[in-house]
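Asks: Listed below, chain by chain, are the residues.
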Amino acid sequence: MSNGQTTSRYTIERLQSIDRRIIFVFIAAAVIIPLLLGASLKEETTPIVRALFDYVDHLPEGSRVLLSFDYGPTTAPEIQPMVDAVLRQCIERKCKLYMMAVWATGHNLVGQTIEEILKSEYPQLQYGQDYVNLGYKAGSQGLIRLLVVDFKRMYSTDAAGTAIDSIPMMQNIGNLKNFDLIFSFGGGFPGIKEWILYAGDPGHIPIGGGCTAVSAPLLYPYYPSQLVGLMGGAKGAAEYENALIQAYPKFSNMPMAGMSLMMSQTVSHIVIMFFVVLGNVLYFIGRNRNASTKPGGEK
Amino acid sequence: MRHLLRLFLILLLAFVVDGQSVYSQESDPVTSTADSVATEPVTPPPASAFGLAGEDMPNDNGHKLRVKWQYPAEAVGDITGFEIWRATSPTGEFRMLGQAPNDYFEYLDIGNKETPAPDFMANNSDFFYKVVAIGKNGLRTESEPGGPFRTYGQWFHRGKTPVLVGVVLFGCFTFYFIRAAKKGKELYVRPLAGIEAVDEAIGRATEMGKPTLYILGIGTASEIATIASFAILGRVAKKIAEYQTQLIVPCYDAIVMSIAQDVVRSSYLQAGRPDQYSDDMVYFVTNAQFAYVAGVNGIMMRQRPATNFYLGYFAAESLILAETGNSIGAIQIAGTDQITQIPFFVVACDYTLIGEELYAASAYLGRDPLLLGSLKAEDWGKGIVMALIVVGVVATIFGWDGFRELIRVNL
Amino acid sequence: MTTKRLTGHIVLGVVLLVCTLSIVVKGLLVTVGALLTLFIFSFLYKDNPYYKFAEHLFVGVSAAYWMCMGFWGTMVPNLFGKLYPPMVGSVIPALKDNPPEPFMVIPLFLGVLLLLRLSSKAGWISRWALAFIVGTTAGLNLVRYLRSDFIAQISSTMIPLYASGAAGFNLGETISNSVIFLGVMSGLIYFFFSKEHKGVFGTGARTGIIVLMVTFGASFGYTVMARISLLVGRMQFLFDDWLGLIR
Amino acid sequence: MKRRVPLIIVFCVSLFMVIQYFVPLDSLERVYRSFLDYTIIIGVFALLLGIWSLCRVNYDKIKRKSENWQYAIITLTGFFIMTIAGFLSGWGRTDNYLYQHLFSYVLVPIQATMFSLLAFFIASAAFRAFRARSLLATLLLISGLVIMIRFVPLGFLSEPISDLAGWILRVPNMAAKRAIIIGVGLGAVATAFKIMLGIERAYLGRD
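Residue numbers (our numbering), protein chains in the order written: chain U, 509 to 807; chain C, 468 to 878; chain D, 3 to 249; chain H, 4 to 210.
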């Protein structure tokens with residue numbers, strides 16, 4: 509009897525300080541398996557994302573949308589799905605796309621996005637007519653301040669060095685007020701907040717955003733008065749993709765990065781919570797046993 | 468042919484109205500919008516802006532002017548916006564500064580402070596402005612030049628008054644309490660668990676015959692957190708020298724390394740063991756965030772310190788360090804002023820100094836009356852902040868927003 | 003012991019095989035990147051020679067990278083280019099015609115002073131340069147922290163505890179505002195150093211640490227998502243860019 | 004001389020920085036900008052000290068044949084190859100083959116992988132620390148779980164949970180962060196004062 513009790517207490521103590529490598533294996537599996545299976549998870553679109561989606565969906569044909577790539581490779585897994593979804597929707601709406609970056613790291617990502625989405629999925633689009641890559645300019649919020657009054661003073665050429673006035677779709681762009689919607693992707697500094705404070709508010713320009721999960725709580729307060737809508741982290745991206753698929757069924761067979769990321773996210777969260785609960789259950793069993801055996805153990 | 472003729476007429480008209488359109492070298496809106504104009508019927512040029520006024524912007528050295536103008540309300544719909552031009556004399560050469568949308572009737576001219584720049588704006592000088600209304604039909608109407616408007620430089624930035632008051636007030640507190648402490652007034656400080664554990668943690672390392680690892684974070688010497696950490700390093704190193712155990716300080720920043728070497732060397736000197744110090748204790752790893760983490764992880768796994776200190780500025784690497792340290796069973800004492808990283812230290816370390824406690828730690832460890840006096844000053848600062856908040860809340864309840872304005876900093 | 007060694011050999015064999023295949027199919031560069039990724043992940047199992055290799059390589063290469071960045075990005079344009087512009091004319095033609103700035107001798111002088119610490123006799127003089135840096139830090143921070151952010155935090159806490167919206171009294175908002183107010187106050191009380199946490203003051207401090215703990219838990223839970231995303235990014239690199247297993 | 008001069012430098016430089024903040028004069032601003040510039044340049048000189056330290060520590064390891072000395076060779080080799088590549092590349096010419104590829108295929112993957120280790124460590128830390136040992140630990144646990152459970156599809160429960168999570172992030176989270184920011188602000192100002200007046204001089208060493 510007493511022998512049995514000691515063994516079980518021993519097991520519980522050992523389980524409580526479980527080798528953390530077991531947790532590592534579960535986390536790796538939670539990430540890899542959904543990735544390999546291509547599993548994805550639908551996310552019901554929340555109002556803050558829905559507002560953004562609907563705004564883009566009601567833009568008239570030929571609207572000018574500025575997309576600012578304000579993120580880097582490390583946050584790309586979270587942000588890129590948002591960019592892809594927004595780009596696809598804008599092209600379906602026949603909007604004109606202006607891509608730029610206030611982050612140096614965004615410069616390469618613009619080029620990469622053009623290669624992967626625009627050129628491969630929509631080869632009929634013409635550079636300079638339908639989309640333009642303006643590249644990165646230094647100056648952070650100072651740059652945004654300048655662009656509100658004068659766009660071409662800072663952007664005298666596009667990313668490839670072509671004179672800006674020779675690009676057809678740049679003809680009627682004098683300042684940021686000429687855009688129908690500005691998107692900022694990233695959420696770091698400079699990012700959505702700076703776009704709101706230095707462009708959206710003073711120029712009365714609608715601003716939409718997509719940001720990492722970490723920065724989302726800091727940006728929520730700007731919705732709805734200063735932000736059209738906001739996608740926060742992988743969840744926001746998946747919600748937007750869901751809205752996109754519902755509105756444009758042609759996308760339903762396409763792999764959606766945000767949704768598959770969401771699957772990994774959900775599974776990993778469940779794994780972590782499972783271990784937390786397990787730890788607590790073991791802790792309480794262990795404590796109760798200790799409490800009951802201590803006074804009686806001497807007998 | 469008819470199109471061409473029409474275009475020619477429009478050009479001519481624009482030229483007459485806009486007598487000086489010669490100066491618009493950079494952009495020639497008449498030709499650039501010629502396509503759209505050619506298909507539209509001829510419309511008269513837009514009305515002219517009037518009533519130009521300029522006011523100096525306060526709180527600078529006189530390189531900013533706010534230009535305001537008026538425009539007939541019924542004509543606003545006919546124009547796309549305004550251009551603002553500046554010159555140093557009414558007949559001199561005007562330079563285009565920028566544009567304003569059609570519903571804006573003012574423009575903040577921020578001139579360049581340096582002479583060679585083309586939009587240089589001298590302080591304490593006169594300037595003249597012109598506002599050009601740009602019609603939807605592409606025609607331009609120039610206003611009469613307005614001026615002279617003068618820029619003035621100021622000696623004090625009044626928008627920063629709350630900061631000055633704060634600095635002076637806080638300085639007075641610090642002086643007062645340091646004087647009081649010098650006179651031998653006993654000051655109470657509440658215990659901080661993280662500080663009280665320092666001795667025990669070093670003692671444990673001594674007993675186990677294992678080294679102590681001290682991480683100053685990935686801040687440069689221009690972070691207050693790093694400088695606070697130097698002070699703690701000094702105290703810790705002295706104890707370690709007294710106990711004769713080993714200290715390892717791998718550094719992320721080279722200046723931080725230089726200072727840390729001085730700090731540790733003099734601590735060993737103070738403890739009477741200068742011979743036991745060598746520069747091999749405090750060394751440089753690399754200043755790439757994750758390479759540094761990889762290196763420190765390696766040090767932890769191979770040298771197996773019994774005690775780890777993480778004090779200073781930390782970013783995402785905090786949890787990697789703390790979890791690796793935990794896996795080797797070290798006692799860990801952490802402290803940072805980075806709000807985003809505090810939760811990870813709280814979760815993975817034995818003791819955590821939260822925010823301000825990090826700055827206070829050196830005073831606690833040294834028990835130097837001067838330093839303890841400054842803690843008391845900080846408390847008074849907090850008391851005043853709390854009082855301000857209470858007054859502010861009461862003020863807003865009674866609908867008086869002026870109080871909040873009072874403490875605002877206008878940059 | 004022998005089984006362990008056998009496992010080690012098998013792992014090594016598989017890795018080598020995959021490598022050779024991968025170099026042939028995917029090219030050397032991606033293979034190197036993928037292998038280094040695996041080496042770092044192997045640390046999760048335990049410290050091992052592969053991790054040690056990647057770690058030491060990383061330290062060396064990154065130190066050199068930052069040194070070159072410092073040289074080409076700061077020294078050349080900001081020091082040499084300003085002291086004597088023609089010197090850098092061949093690398094940065096834009097600077098060639100700038101007038102020289104003789105005052106840039108000061109940082110050069112301070113920098114050389116700093117290097118003197120390598121000498122044991124004149125080492126103390128390097129503190130002049132360090133003092134310059136610490137002085138700018140202290141001066142900057144004295145005003146930096148009292149600036150907008152600090153004061154903004156105070157003024158944005160001055161919110162009406164009694165909130166009313168268009169529809170009259172707003173209970174939810176009132177509770178939230180009161181919690182913010184009490185949270186900030188009790189948090190500040192917790193940080194008081196010179197008062198014993200006893201009585202009413204003790205209750206305040208206790209409330210403060212409770213609010214802090216709730217916050218820490220929430221921030222922790224919230225960051226999980228971002229960290230998992232990073233891992234997904236790496237796995238995409240391994241399974242998609244390298245192995246091409248993801249459809 | 005040894006101790007007095009640095010203290011005087013610290014006092015004068017910091018006093019200047021403070022005055023410059025309140026007085027908007029061009030000349031002061033120019034000096035201010037130069038000072039910031041100087042600190043960066045001094046930092047690069049310091050980097051040389053760092054590199055010296057790195058090389059010496061590793062060289063000593065090899066010379067003494069201390070434990071794991073073979074790896075010191077790898078560090079030094081990596082360092083020298085990257086240095087040569089970096090100096091050959093020159094300003095604005097980062098298209099140097101070796102430099103570019105060492106960056107993209109050595110530095111970037113290792114860095115990203117180190118960063119992603121956090122996904123594993125955040126899980127193991129949660130398992131170990133989120134235990135209901137005391138009131139405070141329980142609060143930590145509960146608020147962490149409430150935030151994480153948003154990710155789990157729970158049907159009709161999802162909405163109230165995500166509302167509660169949002170409220171925690173918006174309200175108590177904000178309050179605590181404000182209290183910390185205000186405290187940190189005061190502490191930083193006090194530390195700056197102490198350095199300026201020479202009360203805190205640990206950074207100078209003591210000899």
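In short, the hints are calculated from the structure, not lab data.
Glycine included, C-beta positions come from ideal geometry on N, C-alpha and C.
Mixed in with the good hints, there may be bad ones.
Examples of chain H residues lying across from chain D (beta carbon under 7 Å, computed) [stated by the list, open to error]:
1. 31
2. 33
3. 34
4. 35
5. 45
6. 109
7. 110
8. 122
9. 158
Asks: Indicate, hint by hint, whether the structure satisfies it.
Replies: Hints, one by one, checked against the model:
no.	hint	verdict
1	31	violated (12 Å)
2	33	violated (10 Å)
3	34	violated (9 Å)
4	35	violated (9 Å)
5	45	holds (5 Å)
6	109	holds (6 Å)
7	110	holds (6 Å)
8	122	holds (4 Å)
9	158	violated (21 Å)
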